[in-house]
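Model the placement of chain B on the given structure of chain A, informed by the hints.
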Amino acid sequence: MSAVLQSLVNQPYKHGFVTEIESDIAPKGLNEDIIRLISTKKNEPEWLLSFRLKAYQKWLTMTEPEWQNVHYPKIDFQAISYYSAPKPKKKLASMDEVDPELLRTFEKLGVPMHERAALAGVAVDVIFDSVSVATTYKEKLAEVGIIFCSISEAVQTHPELIQKYLGSVVPVGDNYFAALNSAVFTDGSFCFIPKGVKCPMDLSTYFRINTEGSGQFERTLIIAEEGASVSYLEGCTAPRFDTNQLHAAVVELIALDNADIKYSTVQNWYAGDENGVGGIFNFVTKRGLAKGINSRISWTQVETGSAITWKYPSCILRGDNSVGEFYSVAVTNNYQQADTGTKMIHLGKNTRSTIVSKGISSGHSNSSYRGLVRIAPTAENARNYSQCDSMLIGDQCGAHTFPYIQVHNNSAKVEHEASTSKIGEDQLFYFSQRGIDAEEAVSMIINGFCKDVFQQLPMEFAVEATKLLSFKLEGSVG
Amino acid sequence: MINKNSTTILSVQGLRASINGTEILKGIDLTVKRGEIHAIMGLNGSGKSTFAKVLAGHSAYEVTGGSIQFEGKNLLELPPEERARAGLFLAFQYPIEIPGVANTQFLRLAYNTVQGQRGKAELDPLEFDDFVREKMKLLDMKPDFLDRSVNEGFSGGEKKRNEILQMALLEPKLSILDETDSGLDIDALKIVANGVNQIANPNNAMILVTHYQRLLDYIVPDFVHVMQAGRIVMTGGKELALELETRGYDWISANKQSVAGVIV
Numbered sequence: 001m002s003a004v005l006q007s008l009v010n011q012p013y014k015h016g017f018v019t020e021i022e023s024d025i026a027p028k029g030l031n032e033d034i035i036r037l038i039s040t041k042k043n044e045p046e047w048l049l050s051f052r053l054k055a056y057q058k059w060l061t062m063t064e065p066e067w068q069n070v071h072y073p074k075i076d077f078q079a080i081s082y083y084s085a086p087k088p089k090k091k092l093a094s095m096d097e098v099d100p101e102l103l104r105t106f107e108k109l110g111v112p113m114h115e116r117a118a119l120a121g122v123a124v125d126v127i128f129d130s131v132s133v134a135t136t137y138k139e140k141l142a143e144v145g146i147i148f149c150s151i152s153e154a155v156q157t158h159p160e161l162i163q164k165y166l167g168s169v170v171p172v173g174d175n176y177f178a179a180l181n182s183a184v185f186t187d188g189s190f191c192f193i194p195k196g197v198k199c200p201m202d203l204s205t206y207f208r209i210n211t212e213g214s215g216q217f218e219r220t221l222i223i224a225e226e227g228a229s230v231s232y233l234e235g236c237t238a239p240r241f242d243t244n245q246l247h248a249a250v251v252e253l254i255a256l257d258n259a260d261i262k263y264s265t266v267q268n269w270y271a272g273d274e275n276g277v278g279g280i281f282n283f284v285t286k287r288g289l290a291k292g293i294n295s296r297i298s299w300t301q302v303e304t305g306s307a308i309t310w311k312y313p314s315c316i317l318r319g320d321n322s323v324g325e326f327y328s329v330a331v332t333n334n335y336q337q338a339d340t341g342t343k344m345i346h347l348g349k350n351t352r353s354t355i356v357s358k359g360i361s362s363g364h365s366n367s368s369y370r371g372l373v374r375i376a377p378t379a380e381n382a383r384n385y386s387q388c389d390s391m392l393i394g395d396q397c398g399a400h401t402f403p404y405i406q407v408h409n410n411s412a413k414v415e416h417e418a419s420t421s422k423i424g425e426d427q428l429f430y431f432s433q434r435g436i437d438a439e440e441a442v443s444m445i446i447n448g449f450c451k452d453v454f455q456q457l458p459m460e461f462a463v464e465a466t467k468l469l470s471f472k473l474e475g476s477v478g
Numbered sequence: 479m480i481n482k483n484s485t486t487i488l489s490v491q492g493l494r495a496s497i498n499g500t501e502i503l504k505g506i507d508l509t510v511k512r513g514e515i516h517a518i519m520g521l522n523g524s525g526k527s528t529f530a531k532v533l534a535g536h537s538a539y540e541v542t543g544g545s546i547q548f549e550g551k552n553l554l555e556l557p558p559e560e561r562a563r564a565g566l567f568l569a570f571q572y573p574i575e576i577p578g579v580a581n582t583q584f585l586r587l588a589y590n591t592v593q594g595q596r597g598k599a600e601l602d603p604l605e606f607d608d609f610v611r612e613k614m615k616l617l618d619m620k621p622d623f624l625d626r627s628v629n630e631g632f633s634g635g636e637k638k639r640n641e642i643l644q645m646a647l648l649e650p651k652l653s654i655l656d657e658t659d660s661g662l663d664i665d666a667l668k669i670v671a672n673g674v675n676q677i678a679n680p681n682n683a684m685i686l687v688t689h690y691q692r693l694l695d696y697i698v699p700d701f702v703h704v705m706q707a708g709r710i711v712m713t714g715g716k717e718l719a720l721e722l723e724t725r726g727y728d729w730i731s732a733n734k735q736s737v738a739g740v741i742v
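One line per chain: the protein sequences are A and B, in this order.
The numbering used here numbers the first residue of the first sequence as 1 and each following residue consecutively.
The numbering used here numbers the first residue of the second sequence as 479 and each following residue consecutively.
Honestly, the hints are just simulated from the structure, not real lab data.
Glycine residues also receive a C-beta, built at the ideal position from the N, C-alpha and C atoms.
Worth double-checking, as some hints may not be accurate.
To be verified - Stretch-level coverage of chain B by chain A, calculated; a stretch enters the list once three of its residues show a Cβ under 8 Å from a Cβ in chain A: (1) 551–559; (2) 701–712.
As the list claims (entries may be wrong) - Computed list of lysine to aspartate or glutamate pairs in EDC-like fashion (alpha-carbon distance at most 16 Å, straight line): (3) Lys451(A) - Glu630(B); (4) Lys198(A) - Asp174(A); (5) Lys451(A) - Asp625(B); (6) Lys422(A) - Asp625(B); (7) Lys349(A) - Asp395(A); (8) Lys613(B) - Glu630(B); (9) Lys651(B) - Glu549(B); (10) Lys343(A) - Glu415(A); (11) Lys716(B) - Asp695(B).
Just chain A, with the same shape it has in the complex (with noise of 0.2 Å):
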C-alpha cells in the first residue's frame, strides 16, 4: 500500500468538544428504583411505568448478543446514568429563552436553528441529551393536523397514540438492546400523520449526546395514517470524549394503507481516535410495520461515526403490495467496526422489497452487511432485490457480507449481487497522471460507488453527506 492510501482518513473529529451546561444527572447504576425515578421525572401515567419495568423483567432475563461481527468490552451497565436533563429554569416559549451556550453548540455543529427552519423549510425538533429544548415549526404542521414534539410531551398530550402504538413493532423483549431501551428511554420524537395528509415539508432532529458517561436511550415513534406521507431526517454529532458511550435507541414506523414513510438518516457520532480509544457504541434496533395495503416504508442510512454500529433497519410488508427499502452507505476507518444491514419480512401478497448496501472501510476497520430477506408462506409473488456492494481503502481493513434468504413460498423471485473492489495503487495513478491528487480522487471513487444510496437522500443531505465522506476520509490515502 502506498503511503498515501494510508492518510486520508486521519481527519481529527470536528465536533469534539463539551458544552458547559448545568446537568440533572441520576445516580450511576440501573435497577426499578432508576426506572421508577425516570418514570416520575417525567411525570408519566402509569401504564408506561408498567411497560418500562416489564422490558426491564425481560432484560434481566436476555444475555448480550454476541453473533455479530465486532469485538468490545464488555459493557458494565451498572456504571451508566441513565438519566440526564439540562437543569430547566423555567418553561421556554420561544427561541430567544434558549441558553446561548446550547445556541452557540449548534452553531459548531452548522445547525442554525430558526435559520435552517426557515430557509429550508425544515422543523427541526432538537434533542439535546435526554430533554427536547426547542420545537419550531410545530403550529404550521399543527394546522394540518400533523403532531411533531418529543415522545415525552407527546405522553402527556396524546397518551392513548402512545399507548396504541409504542412496542407494537418492536416488543419490549424484542432483543437485548431494545430491551434496555424500553426500560429507560428518556425522550426521542414522535410524529403523528393523519389521514390523507402529505406532509408538507421534511421533518428533521438533531440528536446530540452530551453528558460525559450517559447513555442515551432515544425512543422514536413514526405514525403514517390512511394514505399519508412523511419524509423524516435524523442527523447525528456528539462531543469527544474518552469514555465509551452506549447508545441504544428504538426507532418505530409505523404505514397503514397507502401510506408512505421514508426515513433518511446522517449518523457521524464520535467513532474514537486513530487508535480506537473512545467512540459511541451504537445499537438501534429500528424497524418499520408496513400494515396497510399499497403501503411503503424506506430507510435510507449514511453510516459514518460510531465506534462500533451494530443497527439492521428493517421492514416488515404485511399489507399486500406494500414495499419496503434500504439504502445504506456505511464507512469505516481507524479501528471503527460496523455491522449493519437489513432485514426484509415478505408477509404480504405482491410484497416488493430492494436493498442496495455500499460498505467503505479503511485503515484498520471491519465493515459487514448482515441481511435477512425472508419469504413468508402467504407472501404469494413476493419479489426481492439486493445488491451488496464493499469497496477496501489500504490493506489492513476488512468487509465481510451475510446475506440469509428464507424463501418459503415457490412464486418468490429473489436477487442477490455482491462485488468487492478496492481502491489501489492503479486507481490513483490514474487519477494523479491526469493531474488529480489522491485526496480529491478518493471523494471522487466514493461519491460514485455510493451514488446509487445518496439519489435516495433529500437533496440537503445528499450534499452534506458527500462533504462528510470526503472529510471523513481525508488522510486515508497518502
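Only chain B this time, still in chain A's reference frame:
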C-alpha cells in the same frame, strides 16, 4: 517531424528501474525534441510499458539509476500529478473504470486541474460541455458518452478513444501512448490514429509504445527504437518498423551487434 533547430523536451540518460527488487530497465538513453514522434517497439517483457510508467511516475517502480530531464526540470523529483500538470501525458494500456462517476465530471476535473495550473481559466460545466463536445468530434464519439460512468462497460475501442480525448483536452507537451493500438479493430485504429495526428504539432512530441507496426501505418514516426531486455538496442527511421514486421524480432537479436553499430 524532425527539425534540427527544435528544442529538447525529454532527455533520458542511463535510466534504470526495478519493481520488487527485479531490475526491468537496465540503462535507457533517449532524447525527444519538439515536433517529433518516436515509436518504441519490442516484445512483451522487453520493458517498454515499464518505461512508459516510470516516465509518468508510477509508485510501484523504483528508479535505481540515471536521470530524466523534462523541459529542463528533473522529472524524478516530481510526484505523478505534478508531472501531469507540467505537461506529461500517458494514454493507458488498461484504463481503469470508475463506477458512478460521469465522464464529463471526471474530464472537467482533470481539465480544470491541469489547465488551471497553466494559468488558463477554469471552465464551468456549461462552458466545458461546449468545449468537450468540440473535441469529441475529433474522435467520432457519441454525446451519450459524457453521461456514462468513466470507462465502465466501455468496449476496448471506446476506452482507447477516451484516452485520446483526454489527451486532446489536456494539451500535453509530451504524450506517451502505451499500446494504444492493442485490442482495436481496424476502423477504431484509424479513428484513434486520426485523432492523434490532429493533436500532433511542432510544439509537442509523442512516444508511441507498440508491439506491432500496424499503428505506424497511420501515425508515421520520425524514429523507431527497439527495446530488448530493458535497453534500447536499435534505433532507426520508420523503415525499421517495416523491417521488423517482415523479419521478426529474432532478426534483432542476431544482428544487434553489427546493425546497432551502424544505426545507433
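Distance restraint between Lys613(B) and Glu630(B), which requires alpha-carbon spacing of 16 Å or less: violated, 21 Å
Claimed coverage, the segment 551–559 of chain B by chain A - three or more beta carbons nearer than 8 Å: Holds: 3 residues of the segment 551–559 of chain B have a Cβ under 8 Å from chain A.
Take the C-alpha atoms of Lys451(A) and Asp625(B), compute the straight-line distance between them, and say whether it is at most 16 Å. holds, 14 Å
Check the hint pairing Lys716(B) with Asp695(B) against an upper bound of 16 Å on the C-alpha distance. holds, 9 Å
Check whether the Cα positions of Lys651(B) and Glu549(B) lie no farther apart than 16 Å. The hint holds at about 9 Å.
Check of the segment 701–712 of chain B against chain A for coverage (Cβ-Cβ below 8 Å, three residues minimum): violated (count 0)
Hint check: Lys422(A) vs Asp625(B), CA-CA at most 16 Å. Holds or violated? Judged against 16 Å, a Cα distance of about 24 Å means the pair is violated.
Proposed proximity, Glu415(A) with Lys343(A) (alpha carbon, max 16 Å): holds, 15 Å
Is the Cα-Cα distance between Lys198(A) and Asp174(A) 16 Å or less? Violated - the C-alpha atoms of Asp174(A) and Lys198(A) are around 31 Å apart, more than 16 Å.
Between Lys349(A) and Asp395(A), is the straight-line Cα distance small enough, at 16 Å or below? At roughly 45 Å apart (the allowed maximum being 16 Å), Asp395(A) and Lys349(A) break the hint.
What's the verdict on Lys451(A) and Glu630(B), does the C-alpha distance respect the 16 Å limit or exceed it? holds, 14 Å
Hints 2, 4, 6, 7 and 8, counting from the list given before, are not met by this structure.
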